[in-house]
Amino acid sequence: ASPPPTATPDTTAGTSTGTAAAGASDFLACMVSDEGGFDDKSFNETSYKGMMDAKSELGIQTREIQSDTTASYAGNVQSMVDADCDVIVTVGFALGDATQASAEANPDIDYAIVDFAYDAPLDNVKGLTFNTAEPAFLAGYLAASMSKTGTVGTYGGAPYPTVTIFMDGYAQGVAHYNEVKGTDVQVVGWNSDTQDGAFIPGNNFSDVAGAKQLATNLVSQGADVILPVAGPASEGGLQVAQESGGNVVSMWVDSDGYLSMEQYASVIPTSVGKAMDVAVTDAIRASFEDSFDNEVFVGTLDNEGVYLAPYHDFEDQISDETKAEIEQLKQDIIDGTITVNS
Amino acid sequence: MAEEPADDARRAALRDRGRRWATTAGSILLALLVGAVLMIVSDPDVISQYAYLFTAPQLALGASWTKVAGAYSALLAGAVGSPAALAATAWQAAPLIAAGLGVGIAFRAGLFNIGAQGQAIWGSIAAAYVGFAWSLPPVVHLLVAVVAGVLFGAVWGGIVGLIKAKTGAHEVIVTIMMNFIAASSLAWLLLTPAFLRPGRIDPLAPPIQPSAAFPVIYGQLHVGFLVALVAAAIVWWLMERSTIGFAIRAVGSNASAAATAGMNVAGTTMVTMAISGALAGLAGVMYALGPGANAVATPLSLGLVGSVGFDALTVALLGRSRPVGTVLAGLLFGGLHSGGLAMQSLAQTPLTLSTVLQALIVLFVAAPAIVSALIPKVRAPRRPALVGGEA
Amino acid sequence: MTTTHPTTLDVPLELDRTESAAARRARLSTGALMLVLGALMAWLGFGTSGDASYALSDAFAAVQLPTVALPGLPVVLVCALLTLLAGAGFVSGRLWGRAKASAATIAAAAIVLGFVTWAAAGRPFSFPVQNQLAGTIALATPLVLGALCGVLCENAGVVNVAIEGQFLTAAFTAATVGSVTRSITAALVAGVIAGVLMGAMLALFSIKYLVDQVVLGVVLNLFASGLTGFVFDQLVQPNSTELNRVPPISRLEIPLLSDIPLIGPVLFNQTILVYLAFVSVPVVWFLLYRTRWGLRVRSVGEHPEAADTVGINVRAVRWQAVLAGGVFAGLGGSFFTIGSSVSFIKDITVGNGFIALAALIMGRWHPVRAALMAVFFGFVTQLASQLQTLQTPMPSQFLLMLPYLATIIAVAGLIGRSRAPKADGVPYTG
Amino acid sequence: MNHTSGGLQLAGITKRFGSFTAVDSVDLEVRPGEIHCLLGENGAGKSTLMNVLYGLLKPDEGQIVIDGSPQNFTNPRQAMAAGIGMVHQHFMLVDPFTVAENLMLGREGGFVLAKDAARQRVRELGERYTMPVDPDAVIEDLPVGVQQRVEILKALANDAQYLVFDEPTAVLTPQEIDDLMAVMDRLRSEGRAIVFITHKLREVRAVADRITVMRRGRIVGQAAPTASEAELAEMMVGRAIDLRVAKEAAAPGEPRLVVTGLKVANTAGGIVVDGVDFDVRAGETLCIAGVQGNGQSELVDALLGNVTPLEGTVTLDGTDITRATPRQTIDAGMGFVPEDREADGFVAPFTIAENLVLNRSNQAPFAHGLALDLAEIDRNAVALREEFDIRAQSVHDPISSLSGGNKQKVVLARELSRPLSVLIASQPTRGVDVGAIEFLHRRIVSERDKGTAVLLVSTELDEVEALADRVLVMYRGRVVGIVSPDTPREVLGLMMAGVPLEDAQGAPRPGKEENHG
Ligand SMILES: Nc1ncnc2c1ncn2[C@@H]1O[C@H](COP(=O)(O)OP(=O)(O)OP(=O)(O)O)[C@@H](O)[C@H]1O
Ligand SMILES: Nc1ncnc2c1ncn2[C@@H]1O[C@H](COP(=O)(O)OP(=O)(O)OP(=O)(O)O)[C@@H](O)[C@H]1O
Ligand SMILES: [Mg+2]
Ligand SMILES: [Mg+2]
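Protein chains in written order, with our numbering: chain A, 37 to 378; chain B, 4 to 394; chain C, 5 to 434; chain D, 205 to 721.
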């Protein structure tokens with residue numbers, strides 16, 4: 037459904053985030069979420085933060101709309117066109133078609149799409165993608181080194197490529213550890229051969245209780261380091277870790293969980309970061325500064341679009357040797373000495 | 004021989020109809036009022052003004068008014084405020100009408116089809132698959148895709164009828180479970196090579212070919228809406244003028260008398276569920292083949308059909324399981340949906356408010372006594388406006 | 005004059021019996037099902053290699069029980085054979101009474117053991133038995149409570165399709181109140197009140213305004229989803245640190261009992277809600293079948309006119325039953341947030357209210373049977389979830405369909421037609 | 205009669221349902237130690253009046269006075285406390301409950317059920333009134349006669365001084381009726397008052413001390429127990445009624461319906477029809493007599509094809525229809541008037557016209573292909589309304605708006621409006637008033653005279669006597685004997701209780717109510 041193009045730019049969201057630099061511009065940046073909505077504690081929310089950062093940094097106007105159903109994507113993108121947006125950021129692969137159609141119809145507007153890139157690039161669309169397998173590889177290596185039981189675990193919110201890429205990288209990191217150290221650390225919840233693993237029933241990124249049950253299953257099989265890749269439902273893993281009496285730790289994905297999930301800080305050894313906010317801010321800035329290009333952005337360890345977060349409270353528990361190894365691995369990945377399949 | 008009912012009987016019927024309309028209007032009004040209260044009490048910014056209610060009442064009332072008026076005028080504008088809005092409402096209404104007709108038919112056979120969701124999912128899968136995977140000449144392609152979707156919906160519904168007829172299993176349980184299975188099936192299919200876009204691994208089917216999409220009439224209004232209206236006409240004929248409808252209504256009202264009169268109750272149950280599923284499947288087809296705001300249909304993906312199966316229940320209930328009523332109820336709720344989207348983007352009022360309104364409207368219509376108690380001029384009709392298993 | 009005729013019919017008619025059509029159908033479909041599963045298992049069995057190991061304790065359990073390794077091939081084949089035998093017994097109709105029950109039990113055990121063994125054989129991980137039980141309980145707890153709510157309502161003649169809505173409002177209210185007060189007790193009380201209030205809406209509209217009860221249930225579910233969703237979006241989400249940070253619920257360890265190996269920690273080291281759920285089953289049974297109130301509840305659900313003629317206030321009893329049911333639905337709903345220490349999210353109950361409704365119907369409106377059906381569903385769901393982590397050859401999406409398929413098979417093949425209380429869903433106008 | 209003066213007075217009672225006045229300023233006096241019969245055709249308002257007395261309905265006008273003090277009952281509990289007990293026209297027993305549970309319902313005592321005390325109470329009451337019942341028997345397993353006994357014990361459990369028996373005998377065997385009369389006698393001699401409602405004039409004349417007749421909600425007069433049946437019938441209906449059906453002797457032809465060795469199980473698997481053989485010939489009426497629940501319903505269901513027999517064969521005009529479906533038996537020329545009209549006979553929300561084509565809705569001339577021919581359906585309805593004197597404003601009214609007798613006329617009209625080989629009519633006049641009975645009986649006889657084989661199932665001996673050419677008595681699923689309709693009532697009564705013909709003829713019959721004539 038397309039609401040009539042009568043709106044004035046949104047102000048409510050802006051005021052809560054801090055006011056822009058003096059001389060607020062009438063440049064309008066807009067964002068369309070996917071079904072998860074901007075409160076998903078995950079990629080919609082992080083992308084939204086990117087737009088808000090751009091707003092305070094550049095003094096621009098913003099506007100956003102949440103999608104409730106798949107079928108409303110096109111209408112929602114169109115309503116942003118109708119609102120005279122200068123740049124429109126859409127979040128998620130599911131908006132790929134709607135974004136493409138809108139971009140083709142409106143060559144004057146800049147578009148950016150998070151977690152998606154077109155096979156045949158469009159002139160006015162920038163894909164923002166992230167090779168999270170790279171930091172997940174490091175996380176897997178770290179997990180293997182930390183495990184006392186010789187078993188580590190992972191689970192996903194749904195078998196989407198943006199999810200399984202983490203799980204796969206993680207398993208490769210563990211395998212690399214085994215290879216280097218001659219150990220036999222096992223991964224529960226992901227099978228690299230079948231590319232299948234443990235997922236929350238109902239493709240549910242918000243079902244924390246279901247995620248908790250799944251994490252409990254992993255732990256019952258001896259997993260003591262867990263990488264949950266399930267958006268907000270990843271909290272289930274943190275809870276299981278927190279209730280385990282120190283036996284289990286759980287990582288976090290997308291952002292640095294030590295900061296965003298601070299009540300669980302003591303069980304988060306590290307996080308697999310995906311700097312969507314930075315990428316979004318950069319894309320908006322480029323459009324604002326008329327330096328927009330359609331080259332696909334791929335977040336890598338190299339360009340810090342993805343990263344392994346600091347160890348924070350676990351600084352002391354991780355041996356210097358491991359830290360050094362991980363630092364070296366990171367360098368090797370950047371250099372291409374080690375390739376992570378994704 | 005004059006077969007007219009006595010004059011006062013006819014007058015009573017007319018009066019009843021008038022009261023039913025008044026009750027429905029009253030229900031909508033009451034629902035909007037409750038919605039307004041809800042908006043005010045759940046908005047901390049507005050509520051904070053109420054601290055000054057006695058010193059500066061205009062602050063509280065002004066804030067409330069701004070909030071409510073803003074939301075509702077956006078709702079109205081989004082639903083009927085412009086030709087484009089009307090077209091968007093029709094877009095939303097088409098699948099609701101189709102699925103509502105399906106649920107209504109089942110109601111009239113005494114069956115409670117909670118499974119429209121699953122049937123719509125299969126309808127969308129089949130229609131989308133034909134739409135993107137096959138290449139056929141224009142009109143034929145659309146027809147085949149529609150038929151495929153309707154057929155799959157019919158099969159998914161028919162399975163329930165079969166299980167119920169053969170084993171006596173309660174259709175409520177079976178349809179609930181079939182919904183979950185349909186959703187999981189879609190999730191699985193989307194990751195199989197047949198449904199993946201070449202060279203990609205996102206769970207997003209290829210876009211349907213233009214030849215399989217419903218032609219656009221104006222804005223978001225597409226031929227699918229007309230198909231829904233035609234479906235309503237067919238359902239009317241089927242139920243009121245055909246032997247199948249006769250049997251469905253008889254079985255729904257008194258299965259035992261129907262059996263004694265030689266009707267095949269098990270067979271009728273299966274046929275009814277298949278027809279019901281076919282219509283729900285048609286709703287899925289609307290989502291799969293109906294061009295959206297950008298004149299392009301949304302590709303098959305999880306959540307494509309939204310919660311149409313559950314919305315259809317309320318549509319059928321409000322429409323008293325009758326085709327005309329279902330069309331009107333579908334338009335009303337379609338308007339609430341498209342208006343709700345406008346309300347969200349223009350007035351920052353969560354879309355969930357239209358769900359609340361939808362539930363409240365049906366609730367009040369179902370209990371006319373409440374409406375007449377609260378709005379003195381409105382008198383309750385003698386026959387309640389909602390039906391369950393009644394013919 | 006006295007009754008001396010030898011002819012008066014004062015004893016139940018003692019008739020020759022044959023198998024009723026329904027019983028025959030149930031027997032044949034059960035038997036056929038066993039044969040199919042047995043054959044499937046045998047076929048799968050020949051491809052089994054290696055041992056299947058069953059870990060009796062969880063990895064981090066305080067007391068470690070041994071891990072049992074069962075040889076895959078023979079165990080699967082023996083299980084297949086047992087299932088086939090039981091199936092043949094059912095189909096042939098040679099089994100009666102206790103033999104039939106034993107055969108069914110053996111077949112059920114063999115089916116579970118056989119398939120899990122097949123799935124676990126030759127895998128790098130062992131199947132965690134204790135966690136299977138613990139997960140079953142966690143999943144079953146809200147279902148049991150929801151089903152009990154339905155048992156109370158429907159035995160009084162009020163169809164309750166709105167369990168889902170009761171769950172949802174209770175989950176929301178409990179989470180919010182818990183977050184504000186930081187008190188589990190306050191949260192549970194609030195959850196119960198929410199469940200009861202939704203029950204009151206059900207009662208008001210069905211008993212007073214005679215609204216079709218199925219219709220009403222559907223609408224109340226929509227209302228609950230809309231209401232919680234709206235207030236969540238508008239009020240709770242923007243203030244989630246104050247309004248949506250659920251306090252942790254602690255486990256209450258029952259001394260001695262919790263030391264029993266394997267089941268002790270599962271059954272006797274649980275949160276208050278789990279204990280409440282399982283205590284509620286006998287309590288509801290007792291209330292319904294052993295008290296004045298229960299007798300009246302069942303009478304108004306079965307034959308309200310009869311109850312009326314002996315001076316029972318039909319509407320009042322129905323109100324009481326629906327409100328009492330609300331208590332259990334409120335507890336069940338609270339489990340989703342408070343009971344699992346999880347913050348509220350929209351539609352957090354993900355259809356569990358409907359599953360509880362299914363358990364109620366499958367359990368034929370009887371509290372104990374309904375609870376068993378809830379546990380059955382919990383068991384299969386947990387099994388499916390657990391098998392995902394074993395790297396079985398079955399795609400995870402198929403595994404996740406398992407509980408729903410199993411329910412359809414159970415209700416179609418084993419249970420069939422079930423009889424609701426006669427006046428269930430019929431408003432009382434007298 | 206040893207009781208105080210006073211008694212119970214109903215003064216000017218009026219009860220309206222909407223605009224319809226069911227009871228219209230009725231005065232009635234009931235004295236201790238009398239059996240007061242209340243007569244009236246269906247819908248006269250008898251039950252309504254009694255429900256007012258029992259506190260189930262609130263009168264719009266009028267007053268109830270007991271022993272001089274005015275009462276204002278708002279629920280049955282108060283009426284019970286004032287000494288009123290009632291056996292209702294329809295069973296007020298909770299089927300899945302035991303006898304003891306039914307008896308204790310509403311007067312349970314403590315919070316936790318004292319089942320032993322309740323059992324004890326059932327035994328005591330049973331002994332006291334010589335109506336023993338097993339306190340632990342579940343109601344739905346009991347034969348209707350015993351269920352009625354439980355109802356009576358329920359009414360007596362409160363030591364009520366005023367008892368209302370609303371048609372308690374409709375479901376009893378002649379022997380059970382005798383027993384009930386004896387109990388009523390005994391209660392009367394204890395000084396209690398009984399209001400006895402029945403449609404069986406024979407019973408009225410046997411026990412009544414006084415008779416009050418109601419019509420259309422009003423009292424139309426009193427009668428003495430000595431009044432003849434014809435006089436009573438005329439008072440009830442308001443016109444002279446011919447209680448005997450005029451019919452020629454049958455001229456039976458070829459057997460049309462032949463049943464051999466039929467064995468049928470009920471839904472629970474009990475074998476309720478056990479090796480039944482009979483035939484019905486063209487132009488004759490075979491009556492199946494028997495107490496309700498002796499397999500008649502299942503037998504008829506099997507003939508129609510609603511249930512499949514376990515053994516045996518059924519042929520219709522030489523064609524085997526043992527395993528035919530209802531569709532096939534109907535098409536083969538079987539007409540069927542079901543026992544339970546409301547459950548099996550018609551579809552309540554459907555119009556009269558629709559109900560008149562219920563079993564031929566998909567056939568010519570009422571349908572062409574998938575399309576219904578509404579004009580033809582209407583034509584059919586208008587013609588049948590005329591022919592069968594169906595009193596309805598419009599054939600487009602829902603059948604539910606008709607009175608019981610007219611509903612039954614619709615059902616019969618539907619069945620008789622096509623050529624039949626056999627007509628199976630179960631309890632065709634149950635709950636129908638005298639005027640309509642007359643009409644229905646005449647139509648059945650004329651169908652017989654057309655050469656149709658008529659199989660009539662009835663529990664009413666009066667009806668059996670009136671219509672039968674031969675009488676087949678069924679007991680517990682077996683044929684006790686096939687006898688002539690002239691067989692004495694007592695003998696038929698004993699046969700209905702399972703006594704073979706020879707023994708029944710020889711049995712001495714105690715009892716006092718054989719004073720009819
Ligand atoms: N609850 C009610 N609502 C409306 N009409 C009613 C109600 N109860 C009874 N009536 C009508 O009142 C009239 C009197 O009914 P009542 O049951 O008292 O008759 P009755 O004399 O007992 O007949 P029967 O011999 O068939 O038992 C009937 O026309 C009946 O349809
Ligand atoms: N529920 C009701 N509400 C309003 N009017 C009713 C109701 N039930 C019956 N009536 C009216 O009461 C009158 C008597 O109905 P009823 O069915 O008792 O007829 P009846 O005298 O018993 O006829 P019959 O002897 O043929 O059964 C009819 O005019 C009918 O329309
Ligand atoms: Mg009547
Ligand atoms: Mg009566």
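Heads up, a few of these hints could be off.
[As the list claims (entries may be wrong)] Only pairs whose alpha carbons sit at most 27 angstroms apart, straight line, appear in this in silico DSSO-like list of lysine-lysine:
| # | chain 1 | residue 1 | chain 2 | residue 2 |
| --- | --- | --- | --- | --- |
| 1 | C | K350 | B | K169 |
| 2 | A | K184 | A | K366 |
| 3 | A | K184 | A | K217 |
| 4 | C | K426 | C | K212 |
| 5 | C | K350 | A | K85 |
| 6 | D | K262 | C | K212 |
| 7 | C | K350 | B | K380 |
| 8 | D | K451 | B | K169 |
| 9 | A | K217 | A | K85 |
| 10 | A | K359 | A | K184 |
| 11 | D | K451 | D | K404 |
| 12 | D | K319 | C | K426 |
| 13 | D | K654 | D | K451 |
| 14 | B | K70 | C | K426 |
| 15 | A | K359 | A | K217 |
| 16 | C | K426 | B | K169 |
These aren't lab readings, by the way, just hints derived from the structure by calculation.
Results of checking the hints against the structure:
1. K350/C with K169/B: Violated - the C-alpha atoms of K169/B and K350/C are around 38 angstroms apart, more than 27 angstroms.
2. K184/A with K366/A: Holds, because 24 angstroms separates the two Cα atoms, which is no more than 27 angstroms.
3. K184/A with K217/A: holds, 14 angstroms
4. K426/C with K212/C: holds, 20 angstroms
5. K350/C with K85/A: holds, 22 angstroms
6. K262/D with K212/C: holds, 19 angstroms
7. K350/C with K380/B: Distance of about 39 angstroms is beyond 27 angstroms: violated.
8. K451/D with K169/B: Roughly 48 angstroms separates the two Cα atoms, so the pair is violated.
9. K217/A with K85/A: Since the Cα atoms of K217/A and K85/A sit roughly 41 angstroms apart, the hinted pair is violated (cutoff 27 angstroms).
10. K359/A with K184/A: holds, 17 angstroms
11. K451/D with K404/D: holds, 22 angstroms
12. K319/D with K426/C: Holds: K319/D and K426/C sit about 24 angstroms apart, inside 27 angstroms.
13. K654/D with K451/D: holds, 13 angstroms
14. K70/B with K426/C: violated, 49 angstroms
15. K359/A with K217/A: Distance ~15 angstroms between K359/A and K217/A Cα, so the pair holds.
16. K426/C with K169/B: holds, 22 angstroms
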